[in-house]
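Note that the protein sequences, when read in sequence, are chains A and B.
Residue numbering for the first sequence follows my numbering, starting at 1 and increasing by one per position.
Residue numbering for the second sequence follows my numbering, starting at 1 and increasing by one per position.
Be careful, since some hints might not be right.
Facing chain B, from chain A, some residues (calculated, C-beta under 7 Å) [to be verified]:
(1) Phe-55
(2) Gln-72
(3) His-76
(4) Pro-79
(5) Phe-84
(6) Asp-86
(7) Gly-102
(8) Gln-136
(9) Ser-138
Distance ranges between label pairs, derived from CB positions [said to hold, decoys possible]:
(10) A/Asp-86 with B/Gly-97: 56 to 66 Å
(11) A/Asp-86 with B/Phe-96: 24 to 34 Å
(12) A/Asp-59 with B/Val-118: 52 to 62 Å
(13) A/Glu-119 with B/Leu-183: 23 to 33 Å
(14) A/Asp-86 with B/Ala-187: 20 to 30 Å
Read the hints as simulated data drawn from the structure, not as lab findings.
Even for Gly, the Cβ is constructed at its ideal location relative to N, Cα and C.
So you can see what is in the structure, the chains are spelled out below.
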Amino acid sequence: MANDSAIAIRGVAKSFAGTTVLHDINLEIFDGEFFTMLGPSGSGKTTLLRMVAGFETPDRGTISLHGDDVTQRSAHVRPVNTVFQDYALFPHMDVVTNVEYGLRVAGVKKEDRRRRASEALAMVQLEGFAKRRPAQLSGGQRQRVALARAIVNEPSVLLLDEPLGALDLKLRQEMQTELKVIQRRIGITFLYVTHDQEEAMAMSDRIAIMNAGVIEQVGSPKEIYELPASPFVASFIGTSNVIVRNGRTQSLRPERLRLLLPASSPPEGTITEPATVADVVYLGPVIRVYVRLANGDDLVVVQSNDGLAGPSFSVAAGDAVLVAWRPQDAFDLESELV
Amino acid sequence: MRHSRLSRTALWLWVAAVLFFLFAPILTIVLFGFDKSNVETWPIQHWTLHWYSVAWNDPQVRSAFALSIKAAVASTSLSILLGSMAAFGVHKARFFGRDSISLLLILPLALPGIITGVALNSAFQWAGITLSVWTIIVGHTTFCIVVIYNNVLARLRRTSSTLLEASADLGASSVQTFRLVTLPTIATALVSGALLAFALSFDEVIVTTFTAGAQNTLPIWIFGAIRLGQQLPEVNVVVTMVVLLMFIPILIAARLTGSDNFAPRVAATRKVTTAP
Numbered sequence: 001m002a003n004d005s006a007i008a009i010r011g012v013a014k015s016f017a018g019t020t021v022l023h024d025i026n027l028e029i030f031d032g033e034f035f036t037m038l039g040p041s042g043s044g045k046t047t048l049l050r051m052v053a054g055f056e057t058p059d060r061g062t063i064s065l066h067g068d069d070v071t072q073r074s075a076h077v078r079p080v081n082t083v084f085q086d087y088a089l090f091p092h093m094d095v096v097t098n099v100e101y102g103l104r105v106a107g108v109k110k111e112d113r114r115r116r117a118s119e120a121l122a123m124v125q126l127e128g129f130a131k132r133r134p135a136q137l138s139g140g141q142r143q144r145v146a147l148a149r150a151i152v153n154e155p156s157v158l159l160l161d162e163p164l165g166a167l168d169l170k171l172r173q174e175m176q177t178e179l180k181v182i183q184r185r186i187g188i189t190f191l192y193v194t195h196d197q198e199e200a201m202a203m204s205d206r207i208a209i210m211n212a213g214v215i216e217q218v219g220s221p222k223e224i225y226e227l228p229a230s231p232f233v234a235s236f237i238g239t240s241n242v243i244v245r246n247g248r249t250q251s252l253r254p255e256r257l258r259l260l261l262p263a264s265s266p267p268e269g270t271i272t273e274p275a276t277v278a279d280v281v282y283l284g285p286v287i288r289v290y291v292r293l294a295n296g297d298d299l300v301v302v303q304s305n306d307g308l309a310g311p312s313f314s315v316a317a318g319d320a321v322l323v324a325w326r327p328q329d330a331f332d333l334e335s336e337l338v
Numbered sequence: 001m002r003h004s005r006l007s008r009t010a011l012w013l014w015v016a017a018v019l020f021f022l023f024a025p026i027l028t029i030v031l032f033g034f035d036k037s038n039v040e041t042w043p044i045q046h047w048t049l050h051w052y053s054v055a056w057n058d059p060q061v062r063s064a065f066a067l068s069i070k071a072a073v074a075s076t077s078l079s080i081l082l083g084s085m086a087a088f089g090v091h092k093a094r095f096f097g098r099d100s101i102s103l104l105l106i107l108p109l110a111l112p113g114i115i116t117g118v119a120l121n122s123a124f125q126w127a128g129i130t131l132s133v134w135t136i137i138v139g140h141t142t143f144c145i146v147v148i149y150n151n152v153l154a155r156l157r158r159t160s161s162t163l164l165e166a167s168a169d170l171g172a173s174s175v176q177t178f179r180l181v182t183l184p185t186i187a188t189a190l191v192s193g194a195l196l197a198f199a200l201s202f203d204e205v206i207v208t209t210f211t212a213g214a215q216n217t218l219p220i221w222i223f224g225a226i227r228l229g230q231q232l233p234e235v236n237v238v239v240t241m242v243v244l245l246m247f248i249p250i251l252i253a254a255r256l257t258g259s260d261n262f263a264p265r266v267a268a269t270r271k272v273t274t275a276p
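Pulled out of the complex, with its shape left as it was, chain A reads as follows:
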């Protein structure tokens, strides 16, 4: 990955009707990166994406694309293209006319644009669909057309606004893989917006976690999962136990906890706490055990159904147990618990 800046967002703030939706956002996205803005609805991620596209203007701050300040430039002259959540395919045009739209308004000759549109359709595996109307396509096919319509223009940055949100789970997983493959193949920067953490983890080089108009953390999926910078990140990504121990707020991943019977001796170098089992949920590959510590804190423990867990695997509600973890798996959270 080259370290040239594709998108630079500096000091951007925005409010709508007195409500601040973005506070002083600073973000650098590199050329060729698959970058995801992840956050709950209302976190400001879509507004930020729309600002890069040119549909919204920031109240303060600048947005640059490859070093070019585009803050005041309108959408139709920016070298970016968007895949919309509702696909926004033109209903009165067939598939190939939709795909070649950007080339058509740019004045590309008919044979040229037909050829390039066909290539883009081939890339999303829709060769035979050129003459169909959007209304005759399934949701997944429309999504592919929207993608082809955007990438045919060879934008310097592709913006994707929850493009898989309307698809069912299986199709969504297929498309995740495919989007990643296409992004690698064409090598352009993807700026992706989603509220689905699994989707973000599966595809992204880096993720920005957004909450209430601020960026809580930027990092690789692994960094964000294993070293969450705030209680919000810890609870938003995966499930996390947030405990207060010796006056410090710490986060513990459920799969890093081990249950032991009270009589057994804990593994070398682990911290243990006595607890009572509150509930056991059998999920197949794993079991989820809810326990309560002596100080009243509730924890979730996920035990792998790998046959190695021993007798602690068959605990039941009301049993007394020990919860054990390695000290390095409990990490301090930067800010106070919200």
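Go by the hints and put chain B onto chain A.
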């Protein structure tokens, strides 16, 4: 919803009665147009096409017909221009008094024709404008605008705003977006609105009475001829032709506005009725 056989039969009878009530008078007129006698008695004794030739060769009918077409075409064209512009304005802009303007635009359709007619007549008199074909056109435009405005506005509201964003995102200027996306999107709404406006203008009597000069439009001629009672068979023929002529644009208009959602609705209904 499922009905018992009895209630379904009753419903059909009711529908048939309503349709009969609506269309029997028109059918009567059509039939008497073929009656040789100029005194209308039932049953018809001698059938003839004579009155068709009379109507065809009547210079008064011809000039009235020409005037009606002229007024309808002109007021429809004017309404397309003004009505769609108003719809775009109200749809896109957010300004103080927007809803009031929307209401004022729709008002002429709800207002009794006699009020529009009298008001226009006084206004023209006061301004010293001689009543002519142009005053008829202005009068008709007041209510034709509404049809276009409503149709276009409804379509704009149903159209996803991301279509326009997508067009801009793909590099289209606002002129290109209008030509390639907006216009095709509202085209059927515009055409169906225009056909309805044409039909409204073509058979209008009351406003025309107050805004017409010496010339007669076709409905005014019909009205006058019925009052005089000398040319009833010829009137029947003219009315028959007008009905046929009006039926076509209204049918096309209904098809165009319904084309988006009519088919699925039919399919859905069928599914319900065939359910066990």
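Evaluation of the provided hints:
1. Phe-55: A/Phe-55 check passes; min Cβ-Cβ to chain B is 6 Å, inside 7 Å.
2. Gln-72: Because about 15 Å separates A/Gln-72 from the closest Cβ in chain B, which is outside the 7 Å limit, the hint is violated.
3. His-76: holds, 5 Å
4. Pro-79: The hint is violated - A/Pro-79 has no Cβ within 7 Å of chain B, the shortest such distance being about 9 Å.
5. Phe-84: holds, 5 Å
6. Asp-86: holds, 6 Å
7. Gly-102: With a closest approach of 4 Å, the A/Gly-102 hint holds.
8. Gln-136: Status violated, d = 13 Å.
9. Ser-138: Cβ of A/Ser-138 sits 16 Å from chain B, so the hint is violated.
10. A/Asp-86 with B/Gly-97: 56 to 66 Å: violated, 32 Å
11. A/Asp-86 with B/Phe-96: 24 to 34 Å: Holds: the Cβ-Cβ distance is about 31 Å, inside 24 to 34 Å.
12. A/Asp-59 with B/Val-118: 52 to 62 Å: holds, 54 Å
13. A/Glu-119 with B/Leu-183: 23 to 33 Å: The hinted range 23 to 33 Å holds for A/Glu-119 and B/Leu-183, with Cβ atoms some 29 Å apart.
14. A/Asp-86 with B/Ala-187: 20 to 30 Å: holds, 22 Å
Taken one by one, the earlier hints fail for this structure at numbers 2, 4, 8, 9, 10, listed in ascending order.
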